[in-house]
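Protein chains in written order, with our numbering: chain A, 1 to 521; chain B, 1001 to 1434.
These are calculated hints, taken from the structure and not from any lab test.
Just so we're clear, the structure is a prediction, and the values are computed from it rather than from any experiment.
Just to be clear, a hint being listed does not mean it is correct.
Claimed, not checked - In silico negatives: residues of chain A with every beta carbon more than 12 angstroms from chain B:
#1 F104
#2 A230
#3 C447
Unchecked claim - Derived DEER-like restraints, expressed as beta-carbon distance ranges:
#4 Q1128/B <-> I242/A: 48 to 58 angstroms
#5 G348/A <-> N1313/B: 20 to 30 angstroms
#6 G348/A <-> E1061/B: 15 to 25 angstroms
#7 R1289/B <-> T333/A: 53 to 63 angstroms
#8 A351/A <-> A1407/B: 52 to 62 angstroms
#9 G181/A <-> G1241/B: 36 to 46 angstroms
#10 E1061/B <-> A351/A: 18 to 28 angstroms
In this text, a Cβ means the ideal position worked out from N, Cα and C, and glycines have one as well.
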Amino acid sequence: MSLARPDALNITTIQKVALSIGIVGLFILTLALFNTNFPYEGVFLTVALGLIVVGTVIYSRNAYLNKLEGIKNDGQWFKSISSRGFWGWAVGIILTTFYIVLYFYPQYLGLGKDGAENTGLISLFDPLSQLLSGRNASQWFVYGTLYTIAILAFGYKFMLKYRHNRYQQLRTVSVMFFQLGFAFLIPEFMYVMNNDLPYYDLKSIWPLNYYIFDEWSVKGFLSTGNIGLALIIFGILSIFVITPILTYKFGKRWYCSWVCGCGGLAETAGDSFRHLSSKKLSSWRLERWLIHLVLVFSVVMTTAMVYTYLGYSSNDFWLTRGVFISLVIGFLTIIFAGVMYFKRQELGKDAKYGAIGFFTAIALLLIMHFTGTTDQLFYIKSGSLRSAYGIYIGSIFSGVIGTGFYPILGSRAWCRFGCPMAAILGFQQRLFSKFRITTNGGQCISCGNCSNSCEMGIDVRHYAQKGENIVRSSCVGCGICAAVCPRGVLKLENDSMKGRINPTEVLLGNDVDLMELVNQK
Amino acid sequence: MEHIVIIGNGISGVTLARHIRKLSDKKITIISAETEYFFSRTALMYIYMGHMKFEHTQPYENWFWKKNRIDLKKAYVEKVDTSSKTLHFSKGDSMTYDKLVIATGSKPNKFGWPGQDLEGVMGMYHKQDLENLEKHAPNKEVCERAVIVGGGLIGIELAEMLNSRSIPVTFLVRESSFWNGVLPDGESEMINRHIRNHHIDLRLSTNLKEIKADENGKVKSVIIEETGEEIPCNVVGLTAGVSPNIDFLKDSEIETGRGVKVNRYLETNIKDVYAIGDCAEQHEAIGNRRPIEAVWYTGRMMGETLAQTLCGNRIQYKPGHWFNSAKFMDIEYQTYGWVFGSKGRPDHEAHFHWKHNDDTKCITVAYDKNTNEFLGINTFGIRMRHETFDKWLTEKRDVDYVINNLAEANFDPEFYSRFETDILNAYNNQLQTA
């Protein structure tokens, strides 16, 4: 509709300078990528990362601090980068390429194979890695550093953007803290303390952390004595005890938008792309199939992996293949039966799909148990099942598509369509949680700001304009819908389970007799 | 099968259609000349500001209408013949109905100012107004200054829109303070300051005399009534209120005043013809409400109500406690119950006013000074719970109770600073000194 360039597109001179500073920083990294061998690598690395951070900080301060506090979304659908324009696609392609190289061709980043010295980009990060853990950098260290820098720098930007909103600020401090501490620093220090410990980001919980129960990982933990044992017990407690309690009290947001690293990146660096997620009903349908398929896949795959390294005889270790498979099937059955007994009404038509998912998983596990051999499961090599999951889900889905496609699909494509952890938390949030987004009586004007800004593609307005609370498994509780609402209609709350889901036909403010007549049906 | 035809695809007409569909199998047709599909009028501003695209303002996906068997027709109704129950469209075709609902909303007021129809002069109501604004004010190079005439809710939204593209704005307000026909003085003055903090040239007690054209018939400047000052500009926004959009009914049998006259059942003088929303005018106002309520919420409520009547359960339009909301640039406003500005305030209504030091938050609580009964609240910059106030109004709580239990009504996001203690202290101090 726009005939001429809206002025909102133009950025100030200071912002241009800030962008240039950041680009110089990126340029140094790019030179390193093309095998420029810098002298004083430590200095150049510091300068490069420093320029990126300083550029982002100056840009953010100029963009937000010169204006009054409030919602700062002017021009987001005009700017090329945030509306799938030329720059959006350009950034998408660059990010996607980066992820492909990172996961599949790390030698092009300069990874020295078989003990050879690092070169290129990775060698530039050697001094920092040496400083933290006394070893040379890997491609994962480079990635982890850049990831952390992105969350910190864009987290700062996000906090300025929402400086009137303390929920947003605290949440952002939280993801910055967990990324810097738990994902980046603590694993390095753990390595210094005991270099046999596998890399373990304590906040990364199975099934998001799909390799924690792999044979090499479990053996790694167990070989390091009590601390390793403690860590693996923590890993099991995380998903079976800690997660359900916190999700019951606060909804899945405690993890997805306060702790998780994937969520952290989406909420900070990905914030400019949140509105690009599709709100169509068809996308929601796709989402529900896809994410639950990934969940079934990850449960079966993990069970299969553990299964392969367990023995047959209880003389060696009490947990044999038979016991293990029975435990898994028993656990799934208890969950399924419990849900069907207590929540059959709420599920409605979805009960059928839940049953399909459950019986598929059970059938697969039984087939595996009765046809599997020591090295074959489902008549394929057991290792290839695990590597298929690693490549297609762990790398391509979460990394290449999940993050690389930020400027195209929005910032939470992985969290929405693929993350098995989000599926588990969401299942619980929908059925057993005090969390909901409350709608404020009849105040909604159907403007659509809430739906537009939902990174998970929830059509928030669909509920708000009916005066109905939003109780959706995919909601990560970022709170932006409530922030952008111009009429103060939405509030994230933890309250009692009773009356949490409250479909209405006639909204508050109308004739009380009519409300009574229509709403009691 | 009974054919119900609704003229107008705004919130009133669409709510009505949805509810009829839930209650019955009747044939439903919605006619609009403005857009093919229903969109949220209140969201037009966000399209110009780049927060959303037009399609995001449509609350239902395009397949929704067919799935729910609601027929849509894009046409302009030129004439309504109630004796043969026929609508005549501007393109020459026609349509018959069994029951007709007029839900055509409003149009911007024009008070006969010289130059009010020049190119570059516009209201901000229809989608076409937005397209017009995009044409005449795409950026600050094409539009070096815009003048807005009329200090109401649409005026301040238009100012915010233009501000988002750095277009300088002069804002002419007839009243001595922004929207003080409705808002109490303390609130109105706070909004004055907020508008000026956004670098908008707010001119209070200022009227438009005329709009001048350049040689091409485009807006060149405006002349101020009081001072004769000429302000050069490229766009003039006329936002001095709205009135019912019912010119097409002039030659019909349907009784009209300013709007389409209806009784409490939303029935017009002609059998099987009804009117709802902005264009309906009650013979007698309901309580403190105006006979014509040009508000989103009341339009929706009339739709919810009339659906019952059309589906065999004839009921009156009998809205509950008044509520409303708006946003003044960065400051949200909500109101529950009745709080009057200095004009038209009943003698028995007294106010307690509290304002935060940051000058962006305040509340005004209205109560009956004889009985202490709580009458209503205006809240700025603090979100409050509709349900709680609706309950307190029904229970006829007194003002002490409301102030002492204000925390219960808070609806701000988690971790926000809370002001209930400040407010309570101010209330107690004010009562002691008063």
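Hints, verified against the model:
1. F104: 37 angstroms, holds
2. A230: Since the minimum Cβ distance to chain B is about 33 angstroms, A230/A lies beyond 12 angstroms and the statement holds.
3. C447: 4 angstroms, violated
4. Q1128/B <-> I242/A: 48 to 58 angstroms: 57 angstroms, holds
5. G348/A <-> N1313/B: 20 to 30 angstroms: 28 angstroms, holds
6. G348/A <-> E1061/B: 15 to 25 angstroms: 21 angstroms, holds
7. R1289/B <-> T333/A: 53 to 63 angstroms: Because 59 angstroms falls inside the window, the suggested range holds.
8. A351/A <-> A1407/B: 52 to 62 angstroms: This hint is violated: roughly 41 angstroms between Cβ atoms.
9. G181/A <-> G1241/B: 36 to 46 angstroms: For G181/A and G1241/B the Cβ distance comes to about 57 angstroms; the hint is violated.
10. E1061/B <-> A351/A: 18 to 28 angstroms: 26 angstroms, holds
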